[in-house]
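Next come the chains, spelled out residue by residue.
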Amino acid sequence: MNLTLKIWRQNGPTDKGRMETYPVSGISEHMSFLEMMDVLNDQLVRDGKDPIAFDHDCREGICGMCSMFINGEAHGPGRGVTTCQLHMRSFKDGDTIYIEPWRAKAFPVIKDLVVDRSAFDRVIQAGGYVSVNTSGNTIDANAIPIPKPDADEAFNAATCIGCGACVATCKNASAMLFVSAKVSQLALLPQGQPERDIRVKRMVEQMDKEGFGNCTNTGACEVECPKGISLSNIARMNRDFLSASLKGE
Amino acid sequence: MSNKGLFPTSLSKKYAMAATGLFLCLFLVGHLLGNLQLFIPGAEGKEAFNAYALFMTTFPLVKVLSYLTYFGILLHAVDGILLARANRAARPVRYAKENGAANAGWSSRNMALLGTIVLAFIAVHMQNFWYVMHFGEPGMYSLASGEEVKDLHQVVMDFFGPANSMAIAAVAFYLLAQAAIGFHLWHGFASAFQSFGLRSAKYTPWIERVGQAFSVLVPLAFAVIPVYLYISQH
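Chains as they are written, first to last, in our numbering: chain A, 3 to 251; chain B, 81 to 314.
Isolated chain B, as found in the complex (with noise of 0.2 angstroms):
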């Protein structure tokens, strides 16, 4: 009976989930710092920003990392509803009065709904750019090295310029999910350290802290994006 090794227990479920709820964190990382090019004006950006994009979607080493990305929010995902159904089914009668702010945070009562939003504005996000870049049909960009690509820099500036009659709501859509990231965030990254039992008086308060940082610095500089793209063209 206790041969069966890590699966499919209770905490093997959460061991995956701090495994790649962390992954996904080093893929904000990443994703922020391309992003950030687009902070960059003129013709110039417009090329540093599609070189980038052609190295992202051709360098063999970026493709095994996305596909790893791809798997890591499948499986966050689908690991997360199995645990959320679990954790259901372990109270069939509800309490009549509940007072779960006395005791614990918003955040970390609340990590499924953030996980919703959150898989939902990917779903939207990766709509809105990725399946332009992959099936799309946008403009075409001559890069200085002479290799024609698709624009999609002009893509993301239209996107959240005059050209998109709903950018607003775009605008307003990727705030709430930047917010909800944050606040999953806010939970979800010290947790992940305390699922794998990475625990001490020493360094518990800064895992914690660096966290909180992270929750709050990271989706706020994903934010300031549509917004600076909003109203540097309106």
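Pulled out of the complex, with its shape left as it was, chain A reads as follows (with noise of 0.2 angstroms):
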């Protein structure tokens, strides 16, 4: 396959940044578009030219480094997968591809496809997480029974990767959708129900100090989440945030 691709190159945080246009050919339909770049960057190399910088780890799915936004889609055109799991196949042969960095105010680039996504590690320090003694006795968490739906329920908002496609969808650049699975995965939970009203208060807290928007329910996020996601979360988030908020302190 031969490609034109029009990727962001940024050289460092205080850059403009700018649009370019590179030409790619000799893809293999079955490589994945990391390895789609890296046969570009290794090109660059050759060329004495300084390669794309872009995320990537496990290059398996379950990370979360990976971003991306191709073609105007969080991590491509496919459905329920990550960047690496994104494959040359789901393209054509001449195609022009346009690879961009994640974009909002609370995620600033670093350089060219790299974002900070330390905002969304801020939320999660601000309270997602359980208070447990750990002081010689502690308790089995096996031992308190829970409702299969319940765990089954908890353990789909924790599949959430933390990549930040949500984000990168959202026309409003919202993270809604990050912070109301992780509120979620807790408030389901016994271990979580102690802190569960001052957990979502400060959480969302401090979503809005990070510059994040705000949610317009266009359901973009659940249809870009490489994990599924549901707005269900986002729902149970704004149902406890508003019993939470009305008890008053």
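Honestly, the hints are just simulated from the structure, not real lab data. Any given hint might turn out to be false.
Unchecked claim - Residues on chain B that point at chain A, a partial pick, calculated with CB under 7 angstroms: (1) T89; (2) S90; (3) L91; (4) N179; (5) A182; (6) A184; (7) S187; (8) R189; (9) S275; (10) G277; (11) R279; (12) K282; (13) W286; (14) R289.
Glycine included, C-beta positions come from ideal geometry on N, C-alpha and C.
With the hints as a guide, dock the two chains, each given alone in a separate frame, to form the complex.
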């Protein structure tokens, strides 16, 4: 396959950045998208040019590192896949492909396609945990009976890999799907109950502070999420936040 | 830090949007039911509509509701502007290529545009009738009860009749506005429930169906009125 790539290049956080065009040839349809990027970077290095910086790690769809906004969609045209799981057979010979970094005020570009997603870490630090006594008399978590549907729902929420596709996709750059998944995975379990109210308030507060946009319920995040995180998590967070706020302190 | 209660977070702005939006849906139903009296022909229709107009402008409970409606419209609009501004600021650098149609409906992606059209319509619509009724000097009409009232029925008839040389443009604008309201509600009705967290596998499909039916039927019924008044008088 021969392709024309239009890729965002930005030397550093303060550089203005621009789209640049790169032709690539000899691409196999069996390659993953990241392998295609490797081919391009190999060529750039051989030509003595600066290779394109992009995030990647496990390359099997579980780490959440690979990003890339491809042809106007987070992780490209595939459904339920990360960029490393996107294959070149999703494209046609001669295609022009736009490759851009996640765009959000809360995700500043570090270089080229690499963005700083530490805003997510700060949201987790604000309340995405349970406080457990580890002073020697710890209780086996499995000793507490949990209804199977609740355990399943909590697990589904916990499959969020924090990649940021929801933010990148949302026309408002809202982080509601991520934050609500992290609220839900604990709100659904008995261990999460003592801090349930304070958790949702702190995490929403931090989310706002980071400069993410507001949810307008378009549902785009759910469609583009590589893990199929459901909008029902956002509804749960909306419920929990309302009830926690009305209780007052 | 977490003792601020409900205001002013991103979620509280969404609750306000949802609450005012659903309240305005109720207003639409009430407004439509009153307007349907315009289909009653002849002197009987004139009497019914003018008696209704008198009731709407004098009955104390209706007064309270009308002030709530003005407040609801203003809050919905101001809150919407605040949210839209914050959402724009959340993505200072736009994408070179966006494919929004791949993952979200057109209505849901254009709520601010649709809302702006609806707000412009409300301003024009109130100037057309509400302003004339409150501050204008239209002809008078004697109700069966003997009371002298402003003849709002005639104002409406004339607005869409041969007396108004711009009647066809008025009809076109009213139809455009109803389409905008329809698309706005297509997303907004069910979205309000989601904002309050009212979502379940059992009820959400029904909320969506009711919302879609509402967003088609109510604006359609409103739209028939100017068309009927125009055609029946030309």
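Hint by hint, here is what the structure shows:
For T89 of chain B, the interface hint holds, since its Cβ comes within 7 angstroms of a Cβ in chain A; the closest pair sits about 6 angstroms apart. The beta carbon of S90 of chain B is positioned within 7 angstroms of a beta carbon in chain A (closest approach about 5 angstroms), and the interface hint is therefore held. Evaluation of the L91 of chain B hint against chain A yields a held restraint, the C-beta minimum of about 5 angstroms falling below 7 angstroms. For N179 of chain B, the interface hint holds, the least distance from its beta-carbon to any beta-carbon of chain A being 3 angstroms, beneath 7 angstroms.
The restraint placing A182 of chain B at the interface with chain A holds, with a minimum CB-CB distance near 5 angstroms, inside the 7 angstroms limit. Of the supplied interface hints, the one on A184 of chain B holds, with its beta-carbon coming within about 4 angstroms of a beta-carbon of chain A, less than 7 angstroms. A least Cβ separation of about 9 angstroms between S187 of chain B and chain A goes past the 7 angstroms threshold, and the interface hint is therefore violated. Satisfaction of the interface hint for R189 of chain B is found here, the shortest Cβ-Cβ separation to chain A being roughly 6 angstroms, below the 7 angstroms cut-off.
The beta carbon of S275 of chain B is positioned within 7 angstroms of a beta carbon in chain A (closest approach about 6 angstroms), and the interface hint is therefore held. For G277 of chain B, the interface hint holds, since its Cβ comes within 7 angstroms of a Cβ in chain A; the closest pair sits about 3 angstroms apart. Interface hint at R279 of chain B: satisfied, since its Cβ lies 4 angstroms from the closest Cβ of chain A, which is below the 7 angstroms cut-off. Residue-level restraint check for K282 of chain B is violated (minimum Cβ-Cβ distance to chain A is 12 angstroms; threshold 7 angstroms).
Using the Cβ-Cβ criterion of 7 angstroms, the hint placing W286 of chain B at the interface with chain A is not satisfied: the shortest such distance is roughly 15 angstroms. A hinted interface residue such as R289 of chain B counts as satisfied when its beta carbon comes closer than 7 angstroms to some beta carbon of chain A; here the least separation is about 16 angstroms, so the hint is violated.
The structure is inconsistent with the numbered hints 7, 12, 13 and 14, although it conforms to all the rest.
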